[in-house]
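Chemist: Mapped onto my numbering, the consecutive letters of the sequence shown carry residue numbers 2 to 271.
One or more hints might be untrue.
With a straight-line cut-off of 27 Å between C-alpha atoms, the simulated BS3-like cross-links for lysine-lysine are [said to hold, decoys possible]:
{"id": "1", "residue 1": "Lys239", "residue 2": "Lys212"}
{"id": "2", "residue 1": "Lys24", "residue 2": "Lys219"}
{"id": "3", "residue 1": "Lys157", "residue 2": "Lys180"}
{"id": "4", "residue 1": "Lys237", "residue 2": "Lys46"}
{"id": "5", "residue 1": "Lys179", "residue 2": "Lys239"}
{"id": "6", "residue 1": "Lys156", "residue 2": "Lys212"}
{"id": "7", "residue 1": "Lys179", "residue 2": "Lys156"}
{"id": "8", "residue 1": "Lys46", "residue 2": "Lys239"}
{"id": "9", "residue 1": "Lys239", "residue 2": "Lys30"}
{"id": "10", "residue 1": "Lys179", "residue 2": "Lys237"}
{"id": "11", "residue 1": "Lys200", "residue 2": "Lys30"}
{"id": "12", "residue 1": "Lys31", "residue 2": "Lys219"}
{"id": "13", "residue 1": "Lys46", "residue 2": "Lys30"}
Here are the in silico distance ranges between beta carbons for each label pair [unchecked claim]:
{"id": "14", "residue 1": "Lys30", "residue 2": "Arg235", "range": "23 to 33 Å"}
{"id": "15", "residue 1": "Arg235", "residue 2": "Thr86", "range": "32 to 42 Å"}
{"id": "16", "residue 1": "Ser153", "residue 2": "Ser184", "range": "18 to 28 Å"}
{"id": "17", "residue 1": "Glu238", "residue 2": "His112", "range": "37 to 47 Å"}
I should point out that these hints are in silico values taken from the structure, not numbers from a laboratory.
From the three backbone atoms N, C-alpha and C, an ideal C-beta is built for every residue, glycine too.
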Amino acid sequence: MQVTYSILKMLHEEDHLNRQICKFPQSFKKYSTPYWEQDFDDITKNVCQCGSNSFLSSLKICKVIILGDLAVGKTCIVNRFCRQTFEPCYKATIGVDFEVERFDILNVPFHLQIWDTAGQERFKCIAQSYYRSAHAHVIILVFDFTNISTLSHCKKWLDEALNASGNEDPFIFLVGTKKDLVSEATYENIEESALRIAKHIVAEYWAVSSKTQENIRKLFFRIAALAFNRCIIREKEKSDIVIASEMISFKNREKSIDKNHCNHRKCKSL
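With the hints as constraints, model all of the structure from the sequences given.
Modeler: Structure (structure tokens):
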């Protein structure tokens with residue numbers, strides 16, 4: 002029993018170390034992204050180096066929704082990253098599943114809550130109810146390189162998610178799966194179409210393989226870093242607004258006190 006616990010603890014610690022991000026992850030291709038960040042923002046670096054800001058300990062969890070047609074490989078992506086497993090036998094997701102994954106970004110704990118949705122039409126109403134509650138910070142649109150029609154449906158999945166969630170500014174990723182199952186010529190041809198669609202919907206394009214693990218880890222590290230960077234900046238802006246508001250209120254109170262004190266002295270002189 003003690004041996005089993007030790008092994009589990011060691012695996013947990015090893016996985017924890019593997020989720021550390023100190024250098025900003027780059028996009029799949031330089032020209033395939035609308036997100037031009039090459040490094041963490043100076044605000045993010047300063048906040049993380051300081052470490053005393055109260056909002057660091059209360060960062061909201063980043064919610065990631067994975068969408069796409071039936072059998073495109075959504076669950077395989079999640080399982081490969083979260084559990085380091087690959088199941089070749091297809092098992093349909095019923096409704097919505099989710100995983101929570103921790104990262105240490107610039108030595109600050111940060112979590113991704115990854116929502117894996119069903120692609121079947123009969124479960125769409127269930128998935129849409131989760132869109133509304135999730136208010137996704139990141140949307141991953143998944144298509145299958147072996148089935149070109151799944152690429153053309155991604156725009157529809159995105160529109161439905163945006164309309165249901167109400168979030169007008171999530172990070173959007175267009176991800177092609179099963180890259181290992183197509184020839185180089187087929188891959189290049191489909192990628193050309195995928196890049197056009199990614200540009201049209203303002204998404205970052207990636208090509209991955211859950212079977213070979215190609216680009217899976219890089220994709221989620223990129224997502225975590227982008228979300229963390231934006232989260233820190235927005236929390237800092239909110240904090241600055243609160244501080245500025247408190248300072249204005251304090252100055253107004255001082256003016257009011259000075260004015261009353263002055264009037265009181267005038268009254269005495271009369």
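Chemist: Given the hint that Lys156 pairs with Lys212, test it: the Cα-Cα distance must not exceed 27 Å.
Modeler: Between Lys156 and Lys212 the Cα gap is close to 26 Å, so the pair holds against 27 Å.
Chemist: Given the hinted pair Lys31 and Lys219, is their Cα-Cα distance within 27 Å?
Modeler: Answer holds: Lys31 to Lys219 is near 14 Å, not above 27 Å.
Chemist: Given the hinted pair Lys237 and Lys46, is their Cα-Cα distance within 27 Å?
Modeler: Holds. Lys237 to Lys46 sits at ~12 Å (cutoff 27 Å).
Chemist: Take the C-alpha atoms of Lys200 and Lys30, compute the straight-line distance between them, and say whether it is at most 27 Å.
Modeler: The hint holds at about 13 Å.
Chemist: Would the hint linking Lys179 and Lys239 be met if the CA-CA limit is 27 Å?
Modeler: Not OK: Lys179 and Lys239 at ~42 Å, beyond 27 Å, violated.
Chemist: When you check the alpha-carbon spacing of Lys239 and Lys212, does it fall within 27 Å?
Modeler: The given pair, whose Cα atoms are some 42 Å apart, is violated under the 27 Å limit.
Chemist: Taking 27 Å as the top limit, are the C-alpha atoms of Lys179 and Lys156 close enough?
Modeler: 20 Å, holds
Chemist: Take a quick look at whether Lys157 and Lys180 sit within 27 Å of each other, Cα to Cα.
Modeler: 23 Å, holds
Chemist: Within a Cα-Cα threshold of 27 Å, do Lys46 and Lys239 meet the stated pairing?
Modeler: 17 Å, holds
Chemist: In this structure, is the beta-carbon distance linking Arg235 and Thr86 contained in 32 to 42 Å?
Modeler: 35 Å, holds
Chemist: Between Lys179 and Lys237, does the CA-CA distance stay at or below 27 Å?
Modeler: 40 Å, violated
Chemist: Does Lys30 lie within 27 Å of Lys46 when you go C-alpha to C-alpha?
Modeler: 25 Å, holds
When each numbered hint is compared with the structure, violations occur for hints 1, 5, 9, 10, 17.
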